[in-house]
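Number of protein chains: 2
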Amino acid sequence: MASTYPISKAIRRDLGKVEEGLKRLAAEPDGVLADACGSTLAAGGKRLRPALVLLAGTAGSATLAELMPHCLAVELIHMASLVHDDILDDAPMRRGRPSVHAEWGVTVGIAVGDYLFSKAFEVAAAAELPSAPSILAKTSVDLTEGELMQRRAACRADLARTEYLARIEKKTASLFETACRLGALASAVPGPAADALAGYGLNLGMAFQIYDDVLDVAGESDVLGKAVGADLRDGTMTLPMMFAVEETGAVDWLRGALGVDSPGAVADALAVIDRTSAAQRAKDVARDYVESAVGRIADLEPRGLRATLRDVGNYVIQRYH
Amino acid sequence: MASTYPISKAIRRDLGKVEEGLKRLAAEPDGVLADACGSTLAAGGKRLRPALVLLAGTAGSATLAELMPHCLAVELIHMASLVHDDILDDAPMRRGRPSVHAEWGVTVGIAVGDYLFSKAFEVAAAAELPSAPSILAKTSVDLTEGELMQRRAACRADLARTEYLARIEKKTASLFETACRLGALASAVPGPAADALAGYGLNLGMAFQIYDDVLDVAGESDVLGKAVGADLRDGTMTLPMMFAVEETGAVDWLRGALGVDSPGAVADALAVIDRTSAAQRAKDVARDYVESAVGRIADLEPRGLRATLRDVGNYVIQRYH
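Going line by line, the protein sequences match chains H and R.
Following the numbering used here, the numbering of the first sequence begins with 1 at its first residue and continues without gaps.
Following the numbering used here, the numbering of the second sequence begins with 1001 at its first residue and continues without gaps.
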């Protein structure tokens, strides 16, 4: 289905301005830092988090200028965490290009992450919303804790589903939630509606990550921009793997491939997963989260926004990458 | 001379409260993150940056509660940058203990830095001073740029003095400046006096780093808590090395040791430096910066604070570690 998500021309145009803003920030530092930031930025990305800021903002009356700092901040935090995570996972590729540390070295990778991170707070602190830096900082703590939970649970084929869900909530859903909350608060949306939007974001983020985990075992490398099976190689246990273990009634096939640097072992495990209904079952769980997300905004005004957010939800669990 | 710096009992007691605050923050996360943060914290440190917040604060009327978030924030940023820098420099020791990545691995090292960093912004954002997150974010960008300048200039025995000074201003002096500025602003110190205190901090930071660089070529390992010659091994060109090159009229002895993993080569280069007056000349430059620092606060009230800040300046260029 959709290779891009269904938003209005107005929002798409605003996202273009966000892109320009990101480019300006990436060009600010000196030398290799600017080169590496520019390269990270040019690799693209869906910019889903700034889009959520803009969409949540349409529930109120904020101008683009008022929403812009939050759009930039959430995307900068996201980019910073990707750059650092790629070092931790020693991921060679990101979005079809070499990852920052693969191209520029670990030193530059750590510094680029720190820079993007600092810039996010600088931008957020300059916004009109006094609570922005604090909300963003809490989220950034969540992202770090989530990434560490992932590393700590590495190669644990017996990981409990609750642990998986707690991890993806911190690692992914928290920033989706924050994007929606910041957009709503910047737009002076009343408390209950702002909470509804944040709840939408949280559930959407859960769906997004679960579907991402499905793509990693059942997607196609050339569309993903990275090799499939990355989670297997990293030793990151995901929901579709859990379902496949459950369905096969065995775990040995997974233990032999989880965190093992062997293309053959990974291919074998992917083949096992492919023979089960694990991918479909995980997609169903993702769909449940989208339904919860949509349920949270059942009373949200305007009605057109509700429809768009539902469409975004459907996109998230039907995208190719 | 002094192994600790000359501050009043009241400030020393307040620093004890800062230490308790840092401990509470370090204990907040789960599992290995808390262990690693706790270990970093327990390694100690002079807590000079929070002390500067407190001292600058005494130029106005702020309570400890008003200054506390800034004390915590500057020390957290400092700790975060140390943890990440140790990874970049692959430094095995810090303050007489294994560095975080040496003890817990690079993954935990990156995550601990990110966590401390996020916490700094969370704490700063909760302060009563709206400009705090922005000031802190700019400084944190400076620290990152300074560290990258250092890596970029690695092994360049012909580094210009202006480049060295620009680097240490970003890497060290900027956070000293910010500590003083935040203390002054939180204490509602009038603009000119706040600028004077910030100028004091900036110059003090320059002196501190230059003297640090002297200790690295002329200090004693057991007092420093890390091996001498670390800058030589890392390939980090410093002011005393520049003076020694100037005085010997040769650079080959330095090229043979800069960034070279050879205890013999490092010992030889240290012996060459020791036969010159490079350490003393660099100490003189550090003293000049202390004099500039003290000159910036010539009109500052109360007079007792002026005397204390002068004593702190003298401590900085006479300490053992």
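Each hint should be verified, as a subset may be incorrect.
Stated by the list, open to error - Think about it this way: if two alpha-carbon atoms lie no more than 27 Å apart in a straight line, the pair counts; the simulated DSSO-like pairs of lysine-lysine are:
| hint | chain 1 | residue 1 | chain 2 | residue 2 |
| --- | --- | --- | --- | --- |
| 1 | H | 23 | H | 138 |
| 2 | R | 1138 | H | 138 |
| 3 | R | 1023 | H | 17 |
| 4 | R | 1009 | H | 138 |
| 5 | H | 170 | R | 1023 |
| 6 | R | 1023 | H | 23 |
| 7 | H | 23 | R | 1138 |
| 8 | H | 23 | R | 1017 |
Said to hold, decoys possible - Just so you have them, the derived chain R footprint on chain H, three or more residues with Cβ under 8 Å:
| hint | stretch |
| --- | --- |
| 9 | 83–89 |
| 10 | 105–117 |
| 11 | 135–145 |
| 12 | 237–250 |
As the list claims (entries may be wrong) - Quick list of simulated restraints, FRET-style, between CB atoms:
| hint | chain 1 | residue 1 | chain 2 | residue 2 | range |
| --- | --- | --- | --- | --- | --- |
| 13 | H | 27 | R | 1034 | 48 to 58 Å |
| 14 | R | 1152 | H | 90 | 15 to 25 Å |
| 15 | H | 288 | R | 1105 | 33 to 43 Å |
| 16 | H | 299 | R | 1301 | 34 to 44 Å |
These aren't lab readings, by the way, just hints derived from the structure by calculation.
Each residue gets a CB set at the ideal place from its N, CA and C atoms; glycine is no exception.
Is the hinted pair residue 170 (chain H) and residue 1023 (chain R) satisfied, with a Cα-Cα distance of at most 27 Å? 23 Å, holds
Could one say that the CB atoms of residue 288 (chain H) and residue 1105 (chain R) fall in the range 33 to 43 Å? 36 Å, holds
For residue 1009 (chain R) and residue 138 (chain H), compute the direct alpha-carbon distance and say whether it is at most 27 Å. 35 Å, violated
8 Å C-beta test of the stretch 105–117 of chain H against chain R, three or more residues: Coverage by chain R holds for the stretch 105–117 of chain H (9 residues, Cβ < 8 Å).
Need the status of pair residue 23 (chain H), residue 1017 (chain R): alpha-carbon distance at most 27 Å? With a Cα-Cα distance of about 43 Å, the restraint between residue 23 (chain H) and residue 1017 (chain R) is violated, given a limit of 27 Å.
CA of residue 23 (chain H) to CA of residue 138 (chain H), is that 27 Å or under? Given pair residue 23 (chain H), residue 138 (chain H) holds - Cα atoms ~26 Å apart, limit 27 Å.
Supplied distance hint 15 to 25 Å, evaluated on CB atoms of residue 1152 (chain R) and residue 90 (chain H): 23 Å, holds
Does residue 138 (chain H) lie within 27 Å of residue 1138 (chain R) when you go C-alpha to C-alpha? Holds - the C-alpha atoms of residue 138 (chain H) and residue 1138 (chain R) are around 19 Å apart, at most 27 Å.
Chain R over the stretch 237–250 of chain H, status - at least 3 residues with CB closer than 8 Å: violated (count 0)
Given hint residue 17 (chain H) paired with residue 1023 (chain R) - CA-CA distance at most 27 Å: Outside the cut-off at roughly 43 Å; violated.
Whether the CB-CB distance between residue 299 (chain H) and residue 1301 (chain R) falls inside 34 to 44 Å: 59 Å Cβ-Cβ, so the 34 to 44 Å window is violated.
Is the hinted pair residue 1023 (chain R) and residue 23 (chain H) satisfied, with a Cα-Cα distance of at most 27 Å? Violated. Residue 1023 (chain R) to residue 23 (chain H) sits at ~39 Å, over the 27 Å cutoff.
When held up to the earlier numbered hints, the structure conflicts with 3, 4, 6, 8, 12, 13 and 16 and fits the remainder.
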